[in-house]
Amino acid sequence: MSSLGPDTTAAAGPPSVPPAAAQVRVTRARRSTLAAAAAVVLIVAVLAYLPYLVYSGTTNLLVNFFTLLIMASMWNLLAGYAGLVSVGQQAFVGLGAYGVLLLASHGTSPFLAIPVATAACAVLGLPVWWLVSRLRSGYFAITMWVIASVCELIISQIPSFGGGTGTGLPGLPGNPTLLTADTYWATLACAVLALGVVYLLLRSRIGLVLTAVRDDETGARSVGVRVASTQRLVFLVAAAGCGVAGALYIVSQQFVEPTAAFSVLWSAKMIFITVIGGIGTIEGPIIGTIIYFVLQQTLAQYGTWYFIALGLVAMAIAIWARRGIWGLIADRFGIRLFGVGYWLSPAGPPDRDRGSR
Amino acid sequence: MTQRNESAPVLDVRDLTVHHGQLRALHGVSLSLPAGGVHAIIGANGAGKSTLMRTIAGLHRPTAGSVLLDGADVTALRPERRVAAGIALVPEARRLFASLTLEENLLVGQTSARPGPWTLDEVYALFGWMRERRSQRAAQLSGGEQQAVAIGRALVANPRVLLLDELSLGLAPVVVRQIYDLLPRLVDSGLSVLLVEQDVSQALRVASYAHCLLEGRITLAGHPAELTTQQIEAAYFGVGVSA
Amino acid sequence: MPEPAGPDLLRLDGVCKSFGKVVVADRLSLTVGAGDLVGIVGPNGAGKSSLFGLIAGDLRPSAGQIVFAGRPVTRLDATARCRMGIGRTFQVPRPFGGMTVLENVLVAVQQGAGLRRRPSYAAAAAVLDRTGLLGDANIPAERLGLLSRKRLEVARALATGPDLLLLDEVAGGLTDPEVAELVTIVRGISAQGVAVVWIEHVLHALTATVHRLLCLAGGTFIGDGAPAEVLALPEVREVFLGTEVTASLHQAGPRLADGQDREDR
Amino acid sequence: GSGLKGSGPSGSTGTITIGFITPLTGSLAGFASGDKFVLSQIRQSPVYKNGIKIGGKTYKIAINVQDSQSDPTRAGQVAQQLILNDKVDLILTTSAPETTNPVAVACEKFGTPCVSTVVPWESWYGGLGGNPVKPTTKFEYCTTFFFGLEQFLGTFEPMWNRIHTNKVVACMYPNDPDGNAFRFGFEPLIKGSGYTVVDGGAYQDGTTDYTSMIADFKSHHCEVYSNAPLPPDFNTFWKQASQQGFKPKIATVAKVLLFPSDTVALGPLVVNIATDSWWGPYMPNHSSLTGQSAAELATAYQQKTGNQWVQSLGSSYSLFEVAKEALAAVSDPHDKKEVASALQTVNYTGMCGPLNFAAGPAPGVAIMAPVGVQWKKGTGKYPFEMKVVDNSLNKKVPIEAPLEPTNA
Amino acid sequence: MSWVNAIIQGILLGGLYALFACGLSLMFGVMKVVNLAHGDLAVVAAYIGLGVIAITHVPAVWAFVIVVPVFAVIGYVLQRTLLQAALDRGVLTTLLVTFGLSVVIENGLQQFFSANSHSINIGSLVSDSFSIGSQITIAYLDLVILVVAVVVLLGLQYFLSASASGRLIRAVADDPEAAQISGVSYRHVFGIAAAIAFGTVALAGLAFGMYSQFDPTIGTDQLLLFAFEAVVIGGLGSLWGTLAGGILLGVAQQIGAQIGAQYELLAGQLFFLAVLVLRPQGITSRKETA
Ligand SMILES: Nc1ncnc2c1ncn2[C@@H]1O[C@H](COP(=O)(O)OP(=O)(O)OP(=O)(O)O)[C@@H](O)[C@H]1O
Ligand SMILES: Nc1ncnc2c1ncn2[C@@H]1O[C@H](COP(=O)(O)OP(=O)(O)OP(=O)(O)O)[C@@H](O)[C@H]1O
Ligand SMILES: [Mg+2]
Ligand SMILES: [Mg+2]
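Residue numbers (this note's numbering), protein chains in the order written: chain G, 1 to 357; chain D, 1001 to 1243; chain X, 2001 to 2265; chain Y, 3001 to 3408; chain B, 4001 to 4290.
Misleading hints may appear alongside valid ones.
Calculated lysine to aspartate or glutamate pairs in the EDC-like style (CA-CA distance at most 20 Å, straight line) [claimed, not checked]:
id : chain 1 : residue 1 : chain 2 : residue 2
1  : Y       : Lys3249   : B       : Asp4221
2  : G       : Lys269    : B       : Asp4221
3  : Y       : Lys3057   : Y       : Glu3296
4  : B       : Lys4032   : G       : Asp182
5  : Y       : Lys3060   : Y       : Asp3332
6  : Y       : Lys3218   : B       : Asp4128
7  : Y       : Lys3087   : Y       : Glu3108
8  : Y       : Lys3036   : Y       : Glu3296
9  : Y       : Lys3167   : Y       : Glu3404
10 : X       : Lys2021   : D       : Glu1132
11 : Y       : Lys3337   : Y       : Glu3325
12 : Y       : Lys3005   : G       : Asp182
13 : Y       : Lys3005   : Y       : Asp3335
14 : Y       : Lys3387   : Y       : Glu3404
15 : Y       : Lys3167   : Y       : Glu3187
16 : Y       : Lys3247   : B       : Asp4128
Computed footprint of chain B on chain G; a stretch qualifies when at least three of its residues, placed anywhere within it, have a C-beta under 8 Å from a C-beta of chain B [said to hold, decoys possible]:
id : stretch
17 : 139-146
18 : 153-161
19 : 267-274
20 : 305-316
Because the hints were derived from the structure by calculation, they are not lab data.
Cβ coordinates follow ideal geometry from the N, Cα and C atoms, glycine included.
Starting from the given sequences, assemble the full structure and let the hints guide the process.
This is the structure in structure tokens:
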């Protein structure tokens, strides 16, 4: 996590640089980011120790939480940063789950199967990307949905996967205590890894490139951005990310069935969480997952009314808080936990700020 | 056309203040445009010229002040109603309907048209190349061609006040000349023109009156002949010129 | 016709391009030497911007060849050509609206010029400074006015570290002092050995800067040479400056009220 | 010794908590339409109201109802939550494999006693990983009561035999848990009883056109029709069959037309379609909790809600009877192992008639005795009524109407 | 002969898809509203149809005379309020808002009308058919739906491309602000467009209510994806493309079903993917440079 530190440099450029430029500095991180780094380390440590502190009911809930968090972060990476709005990410959720099933039914431990299935999803993402890479906006979104449907239809024809009936996951430890703890640690590790990858990706040069491509593809090409390969990279990361979520899903459910594994509900949840939390920010999906979970835990007993409330919340936030809850928080308090942007200081008082305060 | 008292302004802008979020883009701007007048608004990059034009057209809601057309307060009217009342804007960056053909763009401009001399045929006659390209989609026109269509689209609404934002931007000299040569005739037909132009000399040549905008305030106004270059430059750049 | 200063940097050979019935390039040939400062004028819709599209790789010619720095680039895409050293601006600015001005330029530095981390920051700051955008560095590009957007276009193109810089109407809408400032910037760029091709309708900006002027019309160059010479050509005057045609234009306007119509004749 | 906290001490309180998972919302909500009413009845019964006496101590019973939202993922999650968070002592679940199977898997994994119903036992057994053809695996915590393919055949075949046909059966089974159970379990049984099978293919749920399947059935001159589809799919199929002139002499459907609303949706085309009935007011059964009769329960439901009675009233009701039977047989209701093994041996007679979990085709499976019914034009308030036309498997149920060919 | 039958049945099925996709094509293809609540709205229309028939006792086939205008008004109001607010905030917002709407509708229907299924009873028309030769039987209902789909879609295509109102709709879709300064009330124009779209949604809902049965959740479960596919195959913004897309999808499915019932849906999806590999812009649209 060393890269979280302030990364400031004086613009001591080539000799031809005029004095004004020599005095400015480009800064990566601001103070709130440093604090956030410390907090992240602390939180992860506490979370890792959790099975020794709380009963498995809690850790079991957190497994669902982290699984959703991973998915939402991946969708956010795809839609919020790369501008690729997909309603078919459940394709990879399902493939991840069935990947684990395939390996486990050949004797691999399901936990060891998680990374393999994840990698397999990234590999399967390649042909999918080939198919969808030329498509934009609505075409892309719907085609992804169709691809998920194709995956479901094909998987449900395979008898050894239980066909349309579904099947249980073999090879898990029999001791429920150990099982929940292991599942929890696996999920936590994957979540930390996934968020870490997203963060580092966005902090790297790729992050800028992604936003540029999202904002204007032609413009991006003209400044030398390799649009196709950047988008492919992100697509594959998101494929792997949703794959790992699917792998964790089958391990925690111990049961898989095609309609559930490839359900468009996964994408609906990802979209809901991301947009509620704040799309295009790393913090957004985290906040969104928390909100989603709180709503679910407190209201789900009200049945249809819960869903009606959920729908209304989605509409209200989409309309009145465009940048999501995190947007509200960040605007209100001017904080940014994960600094991925760049800052020029001193930028001089820009003329256009006149009258603004 | 009804006879009007020449001294009564056709467009009256009173104490207009406009905010973009927190940023105040206009501070109590007032101006009045007489019937048949051509007023130029000049000012540096970011001075608020476009904001003024867009506010008159109804695209921004002022925080204070009012816009009067023929003495009637139109501040509360929506943009499309202002078109019907007689205000037409040729916006910065043209804003054509990209997927519509050239002709369709003009037809859309007629939606709330008032009765008047400008028809599609007249616009085609004005821009000779247009008629044979009329079924080409606007997205495929060159920048200058688009500017011409944008002007045509505003003209067919037969406005009383024509707002031209960055009129000559991107136009070949031949077209610029053509359009500026046209201005007096537009005015003769009863139109009043409010013009934003970066090319100060060009603007001052055609304008009967000039307003200089600096950081959201009018810092200088007068007949072009009475303004000195020094005055204009001072008003133009104020103190805060970026190095 | 002045000889190119150095060896050919860019060569177009018989390049053809048309959109449906509109021919924008009809067997166009052109050479630009390293460090050249070339201006292009022409009527609206002549195909000037399209020519940039062809050179920068956004458009594919239907025939002909484009050679840059001794290598045929006809089949390369815009990204590759940028990385080879062709930087361009767009007539209608295409900023990355969600990013700050600094970040806009950083992308160009890191991707186009291939710099990383500290060197890239320094280079970005230098470019911003040179184009007068330092004060706006932390502002989201979508909040910029038109002129700042144009500056950003130049800054971004410059940041890719080009050998050939294609400027498309960057002076349009600038005030005279700003034009002068821009001319200084372009001269400076050129002085560092970067070849510049500049499309412009603001003639005085162009004539004050370029050594060579081309006039494009109907898909071919109808003039090529020293600015004053080219602007004196009758064809150029007719299609671009419109001096000869002005009188006839008066008749082209709409028939207004009867009386006024007669007055005009 | 690992220091892990685990799921914590199971409640040693004076309250027994029963989890009840049912699809209250979503596409399967029709199955659960009577569940709220059943719960209100159950809560008024003496045992559930006043508590149950076990080993000299009286335990209160709390019921924690959870909605599976017709989503298998959600069903599994609420099961885990009930087990790990709410520390339920027992889970009851009902209404189609989409809900019951993930719940059973979670219960088996986390060691919580579970009773399911309204799922063919083969679907349930297969979903847990057992092989219904050789049902030797004994699941420690999970039990079910319903019936299986043998009973379907036992209900349907007598009806087929009573109508004169060419003995060619058109089979329409989708590629889903129930459909596959029928394809792999039921078709061999049909063949075994001297009928020929024409399988329409493992179509996907949600298919909107069945004309090629119908053409296939027509070209094989099928005169008997059997299926296990989702309700809307059957509606589409049956309308198209009638348009395309596929008119089997006898149609016996499973899984659909269990509920009156589907019959109204199909309209007059539903008349004389036969199906199975595991419960109805005609059943000579009485509640083991209150003594209330089946007819009384149905009437109470109709009066309370204004809706026509549904079969799942009886099965949901019996879930709570079974729970009570098992709890009454243990010394510590919080000892999950003990409750689970008590469940395996429950043998009682109640709202669904006699249920014996020790004598089923597989361990922990109790079999009900369904009867054959046909939908007939209603005579009273409701447009169509279910009438018993065949009681081969359950002679105690009186025949109410003659068996008539579906299409004469 | 069975193949001919498959193709004919596919075309008829395509009529249903196309009719179902029509409103979506207007909203998604022209107005850029990704309407995830489309299927649920169709179901609402079917419920309204049911209510109208129960109260007024009009013959079911004539229910549309009342339901379509009612739904058009609903569409206008919904556009002027919720959808426009969403659209003003970007395409992604419409995705979330219509998703929320979908959830609210489904559960609202379930709360107030129970999960029970219903169907619009059209008497004997539901089973009437005629035969061509011995193998091919065509149901009147299917034929009526196909004819309605063809008339509605081609009519709307003509309306959009040739009428003044259609031109305004396209103009607003391109640039609402520019439309305003051209004297167009874009909210009203889009309200009208939504009213038309909702009118066709009502037709689709009624047709589906006759064709099969409906319950609160069926709108999203069954037909929504097919409708989106029809729109995309045909190319965004082209209504006759949507008609062609729907029919091609229906035929592809029927050809798949002819091979085996398990391939019916798969064949449709694979056909969709194949179209996009060969023609990423859909079958009807011109290739464009940005
Ligand atoms: N939509 C907007 N949101 C926020 N700020 C804006 C917006 N539009 C304009 N501004 C700001 O308002 C100020 C005035 O802008 P305006 O476009 O009116 O200037 P202008 O004089 O037309 O400039 P230019 O010559 O560049 O067109 C500028 O500082 C600009 O950044
Ligand atoms: N993608 C396209 N499809 C069809 N026609 C196009 C396309 N792009 C440009 N054109 C046409 O090609 C011609 C040349 O356009 P171009 O933009 O190159 O002109 P230009 O010389 O840059 O004009 P201006 O000075 O107005 O910017 C124009 O008539 C335009 O309509
Ligand atoms: Mg402006
Ligand atoms: Mg150009």
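Quick rundown of the hints versus the structure:
1. Y/Lys3249 with B/Asp4221: It is violated: about 32 Å lies between the C-alpha atoms, which goes past 20 Å.
2. G/Lys269 with B/Asp4221: Satisfied, since the Cα-Cα distance of roughly 16 Å is no more than 20 Å.
3. Y/Lys3057 with Y/Glu3296: It is violated: about 32 Å lies between the C-alpha atoms, which goes past 20 Å.
4. B/Lys4032 with G/Asp182: This hinted pair is violated, its Cα atoms lying about 46 Å apart.
5. Y/Lys3060 with Y/Asp3332: 13 Å, holds
6. Y/Lys3218 with B/Asp4128: Since the Cα atoms of Y/Lys3218 and B/Asp4128 sit roughly 17 Å apart, the hinted pair holds (cutoff 20 Å).
7. Y/Lys3087 with Y/Glu3108: With a Cα-Cα distance of about 15 Å, the restraint between Y/Lys3087 and Y/Glu3108 holds, given a limit of 20 Å.
8. Y/Lys3036 with Y/Glu3296: Distance of about 17 Å is within 20 Å: holds.
9. Y/Lys3167 with Y/Glu3404: 17 Å, holds
10. X/Lys2021 with D/Glu1132: 11 Å, holds
11. Y/Lys3337 with Y/Glu3325: 15 Å, holds
12. Y/Lys3005 with G/Asp182: 13 Å, holds
13. Y/Lys3005 with Y/Asp3335: At roughly 19 Å apart (the allowed maximum being 20 Å), Y/Asp3335 and Y/Lys3005 satisfy the hint.
14. Y/Lys3387 with Y/Glu3404: 11 Å, holds
15. Y/Lys3167 with Y/Glu3187: 13 Å, holds
16. Y/Lys3247 with B/Asp4128: Judged against 20 Å, a Cα distance of about 13 Å means the pair holds.
17. 139-146: holds (count 6)
18. 153-161: Coverage by chain B holds for the stretch 153-161 of chain G (3 residues, Cβ < 8 Å).
19. 267-274: holds (count 3)
20. 305-316: Answer holds; 9 residues pass the 8 Å Cβ test.
Hints 1, 3 and 4, counting from the list given before, are not met by this structure.
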